[in-house]
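So the sequences go chain by chain: X and D. Add 219 to a position in the first sequence, counting from 1, and you land on the number used in our numbering. Add 107 to a position in the second sequence, counting from 1, and you land on the number used in our numbering.
No lab work stands behind these hints, which were simulated from the structure alone. Treat the hints with care, since some could be wrong.
[Claimed, not checked] Here chain X is said to cover these stretches of chain D; the calculated rule only asks that three of the stretch's residues, wherever they fall, bring their Cβ under 8 Å from a Cβ of chain X:
id : segment
1  : 116-129
2  : 151-157
3  : 161-174
4  : 219-230
Computed from a predicted model, the values in this text were never measured in an experiment. Just so you know, even glycine gets a beta-carbon here, dropped at the ideal spot from N, CA and C.
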Amino acid sequence: MSEVYIIGADMIAFGRYPDRNPAQLGGEAALMALDDAGLGIKDVDILYTGSSFTAGASMSQQIMREIGQTGIPCVNVSNACASGATAVREAFTAIKSGMYDVAMAIGTEMNPRGMLGGGGSDGLTPEGIFGSGSMPAVFAECGVVHAQKYGTTLEQFAKIAVKNRKHGSLNPKAKFQTEASLEEVLASEMIAYPLTKLMCSANVDGAAALVVVSEKKAKELGMDRAVRIAGSALASDPWEAHNPELFDPNSVTRLAAKTAFDMAGIGPQDLDLVELHDCFATAEMLHYENLGLCGDGDAARMIDDGEVVLGGRIPVNVSGGLIAKGHPIGATGVANMVEIVEHLRGEAGNRQVEGARVGLSHVLGFGTSAAVHILQKA
Amino acid sequence: MQKPGNSTICISDAGEPWIRGFRCKKCSTAADKHTLACRRCFARGSMEEYRAGNTGKLVTWSIVHRSYPGIEVPFVSAIVDLDDGLTLKANLTGCDAEDLHEAMPVTLEFDDAGGAKDKEGNSFVAYHFVAQPIAEKELSQ
């Protein structure tokens with residue numbers, strides 16, 4: 220089977236675009252990724268688009284109306300926060316199958332305003348009676364499990380937000396490009412203990428795209444800036460006690476990580492950087508352990524010792540992550556991989572992880588899916 | 108007329124509310140829904156209805172300070188394992204935030220969902236958890 224390479228990768232700056240629509244944002248990212256690859260829409264054999272709030276709106280076809288209707292197969296992917304990464308995985312399997320040489324994966328989203336999660340019901344509104352269904356509360360509850368088990372403190376969760384805001388200050392495409400001190404993070408509005416507002420992901424619009432090709436096509440176009448997808452895994456939540464009443468971000472992430480590492484034939488110790496799903500600071504803490512970056516119960520020490528900051532042992536979310544760069548739901552999984560590609564190419568500017576050769580991207584979709592991709596410099 | 112506030116609540120002909128759980132005949136796994144097969148062991152048609160008890164232990168929680176418009180805050184959103192296996196989520200009362208801890212004993216008590224009514228004016232039956240610090244003291248002795 221053919222190896223699979225990323226030869227085009229780009230994203231628009233994350234923020235608010237009140238006068239645009241998701242097809243325009245996705246189309247813009249697609250053209251940027253095609254330019255990066257030196258290709259045009261006529262060269263693309265198949266298109267996958269991930270989006271969550273416009274699931275059912277045939278987003279791929281809408282994007283083709285923006286950038287050129289070539290008649291190729293279009294597949295629209297919706298998998299909550301894992302939508303974009305699921306689109307990339309579909310592109311990967313399409314190339315791997317040998318049926319196609321050039322696939323494009325786009326993630327695009329215009330998030331609704333306000334706090335996500337919860338949702339109405341036909342009968343009694345459950346919020347505030349049967350606990351909370353808000354995303355901050357759900358991820359706060361997961362964080363409290365870790366705190367009860369290992370003594371993790373509010374300050375340690377807050378340090379993750381400080382780190383990601385510091386990284387975001389180096390990323391011209393991040394929503395928040397200013398640092399936030401520990402005092403500021405702790406003093407910001409308490410949303411759902413132990414999560415303050417600055418420990419929650421930034422609610423923004425955005426789009427990102429990848430051009431994924433076969434080995435034959437990559438060689439034809441030149442391997443200089445190519446990045447190999449060494450591992451691609453998608454998992455759904457296996458049975459776990461308490462789930463789904465207690466949302467379980469852990470077992471599903473561990474399952475996807477194991478599959479991706481096995482496929483790539485490497486382990487966590489081989490990674491140079493990680494972009495993981497820091498939808499909330501509590502989630503990032505859990506994922507250090509879930510992805511094997513440290514042993515169970517060792518995550519808080521990693522943030523205390525600065526191992527996950529740019530320049531540390533294993534930098535995590537040097538893009539600023541979802542907390543600083545922003546979290547346009549369907550675009551996030553693609554954008555995480557755009558960030559890894561830039562580092563493996565040595566093109567990440569002043570936030571470059573020096574000598575990066577292997578990176579891992581991870582997303583977690585509520586409901587539940589986890590996707591893990593391992594990218595290697597070709 | 109009283110209506111169940113969620114799908115785990117049943118109301119007897121005499122108007123008495125109870126919590127309905129389902130348990131797998133083969134592996135004893137509990138669920139709050141009747142499913143086609145057991146989620147855990149995949150046995151088909153194995154989920155049997157049972158009447159859940161009203162005591163349990165706190166698994167985790169969050170103190171919610173910002174919710175959706177119109178929802179009164181703060182409140183404690185709690186996840187509880189009932190002693191006979193069912194996991195449920197509801198508000199928790201009767202305990203200061205700093206005293207909350209894993210495995211804290213709680214009871215499930217039915218309520219009127221804060222007086223909420225549907226469009227036809229029907230009231231709801233809901234439930235919340237109440238921390239049981241006295242029972243906990245006895246346990247530790």
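Checklist entry - Which numbered hints does this structure break? => result 1 and 2
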